[in-house]
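There are 2 protein chains.
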Amino acid sequence: MDNLQKLRREYSGKPILDNHGFENPIEFFEQWLTEAINSDCMEPNAMNVATAGIDAKPHSRIVLLKGVEEDTFVFFTHYNSNKGLQLAENPNAALLFYWPELFRQVRIEGSIAKLGTEASENYFKSRPLESRISAVVSPQSKPIPSRKWLEQQWEAIKKSKTEPSRPEEWGGYFLQPESIEFWQGRPNRLHDRILFSKTGKSWTINRLAP
Amino acid sequence: MDNLQKLRREYSGKPILDNHGFENPIEFFEQWLTEAINSDCMEPNAMNVATAGIDAKPHSRIVLLKGVEEDTFVFFTHYNSNKGLQLAENPNAALLFYWPELFRQVRIEGSIAKLGTEASENYFKSRPLESRISAVVSPQSKPIPSRKWLEQQWEAIKKSKTEPSRPEEWGGYFLQPESIEFWQGRPNRLHDRILFSKTGKSWTINRLAP
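For the protein sequence lines, the chains are A and B, in the order given.
Taking the numbering used here, the leading residue of the first sequence gets 14, the next gets one more, and so forth.
Taking the numbering used here, the leading residue of the second sequence gets 14, the next gets one more, and so forth.
Keep in mind that the hints were calculated from the coordinates and are not lab data.
Do not rely on the hints blindly, as some may be mistaken.
[Said to hold, decoys possible] With a Cα cut of at most 27 angstroms, we get these calculated DSSO-like pairs of lysine-lysine: (1) B:K27 x A:K171; (2) A:K127 x B:K138; (3) B:K171 x B:K214; (4) B:K171 x A:K27; (5) A:K161 x B:K27; (6) A:K172 x B:K27; (7) B:K138 x B:K155; (8) A:K27 x A:K211; (9) A:K211 x B:K155; (10) B:K155 x B:K127; (11) B:K155 x A:K138; (12) A:K127 x A:K214; (13) A:K171 x B:K171; (14) B:K127 x A:K155; (15) A:K155 x B:K27; (16) B:K174 x A:K19; (17) B:K127 x A:K27; (18) B:K172 x B:K127; (19) A:K174 x A:K138; (20) B:K155 x A:K27; (21) B:K155 x B:K171; (22) B:K172 x A:K27; (23) A:K211 x B:K161; (24) A:K138 x A:K127; (25) A:K214 x B:K155; (26) B:K214 x A:K155; (27) B:K211 x B:K27; (28) A:K19 x B:K127; (29) A:K19 x B:K214; (30) A:K161 x B:K211; (31) B:K19 x A:K174; (32) B:K138 x A:K19.
Given the sequences, and given the hints that come with them, work out the whole structure.
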């Protein structure tokens, strides 16, 4: 495909001023996420989660952010999925939110740890029955024989009317940020990039070249 | 923010059948990318590029795909940007396309190498003047004193009416895929995932559990 070079969109985002008024990037993030939700961005809480095992090979996939709690970023998954196995080897990870409707991205880097059982249990219970059944029947990231095989497992539990309980290997993670960058697309590729880097308990702020 | 748990969208994507008809994931990808372009997805050729230096810390950012050539995925950047420095240490990378309008993502993993000078030169020349000036004046990923500083550099070249030539450290990369996964969101979180893995010159196909 060589027609991609002609796909060209001018980025007309609202500037991030040098004097943007934020000392804390979590508040800055919450403002942007709220604006993404209010601007009807598609799937505003979808984020790319990049992980790497000890072999340093990066992997990434979309996961939904389920909370910003005590300055950490929370999501849920199977601990035995590929990402879970990679995080067990190497807790470093990078999150990326991309809101093309607003010409914005946010890049968050840090290390990840497991949430407590109670928080995982509470969130699991809040999910619709159909999603809970899927969490029980699906050996995430593993090869399966067919679509039909998966649907049969799912239907069997659905018909049995037993309440699916949280698999031990299903639960939450939280990322503690070490850096958060705000990227705002601007005309002529002169984008705004503001990087917050954690040193001790405080944040250092730099504007980066686009 | 705890209201994120209520953001819940049912994924009603078109199924990927077990008998999907593709032996080659590049053709599969080109079909999905074409559908994304034709469906007016926002920025259909935007992809997340995940890299990691030898410290195995993942980093990711959005980059635009500029071509699919000889079964590789092509993009352009500054070789001295953070991603360039990480790729110089460790050529492994992961690309991710996410088209929420179609409930789809594609995950591509492999290793990255630099394009030849001629291809970089040709693409550079095809860019609008304003973007070329930005490539010349912006020390990508490095801290800069202010927005104004950047704009002054840019205006100076613009006013001089000199034709900006490609900086030596600006050019293309291509990723040779070792695996490509197609993810289609489906109701009840029973998503379709089809993984193509390269062994020698052929592709092995597996359906994965969602």
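Verification of the supplied hints:
1. B:K27 x A:K171: holds, 23 angstroms
2. A:K127 x B:K138: violated, 49 angstroms
3. B:K171 x B:K214: violated, 49 angstroms
4. B:K171 x A:K27: Given that 27 angstroms is the threshold and the Cα spacing comes to 23 angstroms, the pair holds.
5. A:K161 x B:K27: Given that 27 angstroms is the threshold and the Cα spacing comes to 16 angstroms, the pair holds.
6. A:K172 x B:K27: The given pair, whose Cα atoms are some 25 angstroms apart, holds under the 27 angstroms limit.
7. B:K138 x B:K155: holds, 24 angstroms
8. A:K27 x A:K211: Since the Cα atoms of A:K27 and A:K211 sit roughly 26 angstroms apart, the hinted pair holds (cutoff 27 angstroms).
9. A:K211 x B:K155: holds, 17 angstroms
10. B:K155 x B:K127: holds, 21 angstroms
11. B:K155 x A:K138: violated, 46 angstroms
12. A:K127 x A:K214: holds, 22 angstroms
13. A:K171 x B:K171: Roughly 66 angstroms separates the two Cα atoms, so the pair is violated.
14. B:K127 x A:K155: violated, 33 angstroms
15. A:K155 x B:K27: holds, 22 angstroms
16. B:K174 x A:K19: holds, 25 angstroms
17. B:K127 x A:K27: violated, 34 angstroms
18. B:K172 x B:K127: It is violated: about 33 angstroms lies between the C-alpha atoms, which goes past 27 angstroms.
19. A:K174 x A:K138: The hint holds at about 16 angstroms.
20. B:K155 x A:K27: holds, 22 angstroms
21. B:K155 x B:K171: The given pair, whose Cα atoms are some 22 angstroms apart, holds under the 27 angstroms limit.
22. B:K172 x A:K27: holds, 25 angstroms
23. A:K211 x B:K161: Since the Cα atoms of A:K211 and B:K161 sit roughly 25 angstroms apart, the hinted pair holds (cutoff 27 angstroms).
24. A:K138 x A:K127: holds, 18 angstroms
25. A:K214 x B:K155: Holds - the C-alpha atoms of B:K155 and A:K214 are around 23 angstroms apart, at most 27 angstroms.
26. B:K214 x A:K155: holds, 23 angstroms
27. B:K211 x B:K27: Judged against 27 angstroms, a Cα distance of about 26 angstroms means the pair holds.
28. A:K19 x B:K127: holds, 22 angstroms
29. A:K19 x B:K214: violated, 31 angstroms
30. A:K161 x B:K211: Distance ~25 angstroms between A:K161 and B:K211 Cα, so the pair holds.
31. B:K19 x A:K174: Holds - the C-alpha atoms of A:K174 and B:K19 are around 25 angstroms apart, at most 27 angstroms.
32. B:K138 x A:K19: holds, 13 angstroms
This entry does not satisfy hints 2, 3, 11, 13, 14, 17, 18 and 29, going by the numbered hints stated previously.
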